[in-house]
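With the hints as constraints, model all of the structure from the sequences given.
Residue-level listing of the chains:
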Amino acid sequence: MGIYEDLAFSGAFAAYTIAILLTVWGFAARHDAVSRFASYVTIFGWVMNTLALILRTLGAGRLPLSNGFEFLVAFAWGIVLFYLWLQYRYRLKAVGLFLLPVVWALLAYAAVEIPETQKAITPLMPALKSNWLSVHVSTAILSYGALAVSFALAVMYLIKERISRNQNTSSVLYRNLPGEDILEESCYRFITVGFFLLSMVIISGAIWAEQAWGSYWSWDPKETWSLITWLIYGACLHVRQTYGWRGRRSSIIAIIGFAAVLFTFFGVNYWLVGLHSYA
Amino acid sequence: MSGDKSWLTKFRSMKTGLILVLAIILASIAGTILPQQGLHGLTGRWYSLLQLDDVFHSWWYVTLLALAALNLMACSFYRLKNLTQRREETKPLLESSQLDKLQEKQAFVLTGPCHVTGDRIINLLTSRGYETWYDRPEPGKWRIGAEQGRLHLWASLITHFSFLVIMLGVLTGAVFGFQSSINAPVGAVFGLDSIPGSGVAPGREDFKLRVDDFRIERYADSTPAGYYSQVTIIREGQAEKTATIAVNSPLEYNGVKFYQASYGEAIKVDIMGTDGMVIDSGLVLYGQRFAIPGTEYSVSASSQLSAPHPDGSTESFGRQVIYAVFQGNQPESMGRTSLATPIKIGNEDKTVSFVEIVPYTGLLVKKDPGVPLIWLGSFFLLVGMGISFFMRPHRLWLVLQQEGSEIAVLIGGISKNRFMLADSIKSLSHDIQRGASTGVWKVSDKEMLLNGNI
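Note that the protein sequences, when read in sequence, are chains A and B.
Note that the working numbering gives residue 438 to position 132 of the first sequence, counting from 1, and the numbers run on in steps of one.
Note that the working numbering gives residue 439 to position 436 of the second sequence, counting from 1, and the numbers run on in steps of one.
No lab work stands behind these hints, which were simulated from the structure alone.
Note that the Cβ used here is the ideal one computed from N, Cα and C, for glycine as well.
A hint or two may mislead.
[To be verified] Covered by chain B, according to a simulated footprint, are these stretches of chain A (three or more residues, beta-carbon under 8 Å):
#1 383-392
#2 398-410
#3 431-439
#4 453-463
#5 504-512
[What the hints assert, rightly or not] Quick list of in silico lysine to aspartate or glutamate cross-link-like pairs, EDC-like style, CA-CA up to 20 Å:
#6 429/B x 224/B
#7 399/A x 491/A
#8 108/B x 312/A
#9 425/A x 312/A
#10 144/B x 352/B
#11 429/B x 422/A
#12 419/B x 487/A
#13 419/B x 486/A
#14 435/A x 409/B
#15 399/A x 486/A
#16 353/B x 409/B
#17 244/B x 208/B
#18 435/A x 224/B
#19 347/B x 299/B
#20 429/B x 312/A
#21 528/A x 220/B
#22 419/B x 491/A
[Claimed, not checked] Over 12 Å on every C-beta distance to chain B, these chain A residues come out as not near it, computed from the model:
#23 324
#24 335
#25 349
#26 424
#27 548
#28 554
Pasting the structure below:
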């Protein structure tokens, strides 16, 4: 990792850390100016995050999407991108409270747990030398980003719903969380976006696999887990549409779905062995 | 009609579909966690009965997939039947009192003559992609209906049918395709008849492939950057075309694809008679036995770098061959020899000599006529999902009522997506009010282009 990329990475990490603290403060104290400042700090962090990716692109002469470290930095970037868009579009407060910690954890993991050999820019192995690499991985980043946002919204919904069932409507958490309707609706929207993109990830992966390995589907653990994730979200959309499973039940499925996303990325890499061993 | 549902109704229900999907999810998880190699003992017996060492190709997993496919097929055809039997839809118009009962609505007042404003509003709606219908039940009154996203009705069907196309592709590949591999030393010429599973009878191949060269390119740190096989297609004895096969860049010829899959080294072997003349020669591939013609013997061999000589001289530093001689299937002898040193074979009056090391390229040879169907299905899957998720079907109704010099406007609508509907009504109201007050009606660029305004 170059010194400037290192700086940008640290800048992003620091900004996200500060943004979390400010978000908590603004939320607990119901202080709008602080919340707004938290958004600006998040934007700054995202710019730094973008810069880190650009510097790595320049350093490597290719998009930084080819190993676990690069993917994590881009994954965090994708989540914050959707978070900022959500802020702009739905003006939902307090999402950062549940989402930024996910971003923080991903970057902390990237900084601490990933070995230095992976952080260094290494030349691409032959199987990764394909135009499909950028299509496949960039859609994965966007898909995972959207699904991470849907996860945060589902958690918020469950909290809000639980408090309102206990009729504890005077609590800070209850008063500061957005309405159940809008949480449920925007969660659903993000699932549809993430699910659509996930389909693109799987299809582009299949096209690529057909080109590189001669087979569009090999039941490799990564492939299988992406299919499992896809089926979970697919089932979620079907029960919502047909049985009207909204709110609590669809939120729980959204959380299970995101757990599957994380397992597809982390679990498969660390516990299961397969063709897809680079990231 | 009895209250009991027929088995078909039950089978094509979404409940059945979801149960199957859940079962597939659980089975797939098991397939990624269970060790996919054979075990011994009791677990081994269960393993082999349920084919747990190869879950994804086991009889029960394939059955699950097939049932899910049938469920999907039944459910899709049922939907198609419903959709085509739909009566011509009525296009209702609503009165103010009915509009008032809708969940999302907005009312405002404009100035100006109703007939002009009514036309303008219909233009605006059309330019926004709405299908519109209207009437004027009495002078000074307009009732307008507008709809967007009717294609949405078909979206779910397109999505589900796309799976059937994909499955058809998988089936086509399984029935009419093959996949095999060959280790071809540089210089070798082979046809599809020598590829196991290709179904091409010996001597009946359309073309042959000659491997002209194999090379590995490396980065500065010596990690491989690429593997390249230079090949020539030979048809009726004539070189027809040359190509380089690399990882991510297979060669496709006559519907057959050749992929760069592996590489290695083969050992060229000469067979000599008592007089020391070479009778025959061939290649010993890694892990394979080479039968010596005219005898019941065969040899296998692999090469390795010999250890440096103890006295430090580098002369003897080179390749050594470790070989084994088999009589029938029985190992007869084994040993270590240098290149080009003859060894005697059993009681035969023949000797063999491993003369040189030849690099070979491992090619995956595949034919899968189902692949285009897979991509076609994938494409329609995305189209169907795109329409489902990103097209927001809704209906709007407007009532315009002239009251003196003013027009009372009421807009209401229905949609599954209330937030989007509220947005649409809000922005439409905004545009209508702005258009009426400024006289500048916002229409899409396309509309302006059609009217020659750009």
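Hint check results:
no.	hint	verdict
1	383-392	violated (count 0)
2	398-410	violated (count 0)
3	431-439	holds (count 5)
4	453-463	violated (count 0)
5	504-512	holds (count 4)
6	429/B x 224/B	violated (62 Å)
7	399/A x 491/A	holds (15 Å)
8	108/B x 312/A	violated (54 Å)
9	425/A x 312/A	holds (10 Å)
10	144/B x 352/B	violated (113 Å)
11	429/B x 422/A	violated (54 Å)
12	419/B x 487/A	holds (13 Å)
13	419/B x 486/A	holds (17 Å)
14	435/A x 409/B	violated (68 Å)
15	399/A x 486/A	holds (13 Å)
16	353/B x 409/B	violated (114 Å)
17	244/B x 208/B	holds (17 Å)
18	435/A x 224/B	holds (17 Å)
19	347/B x 299/B	holds (14 Å)
20	429/B x 312/A	violated (47 Å)
21	528/A x 220/B	violated (29 Å)
22	419/B x 491/A	holds (11 Å)
23	324	holds (32 Å)
24	335	holds (29 Å)
25	349	holds (25 Å)
26	424	holds (14 Å)
27	548	violated (5 Å)
28	554	holds (18 Å)
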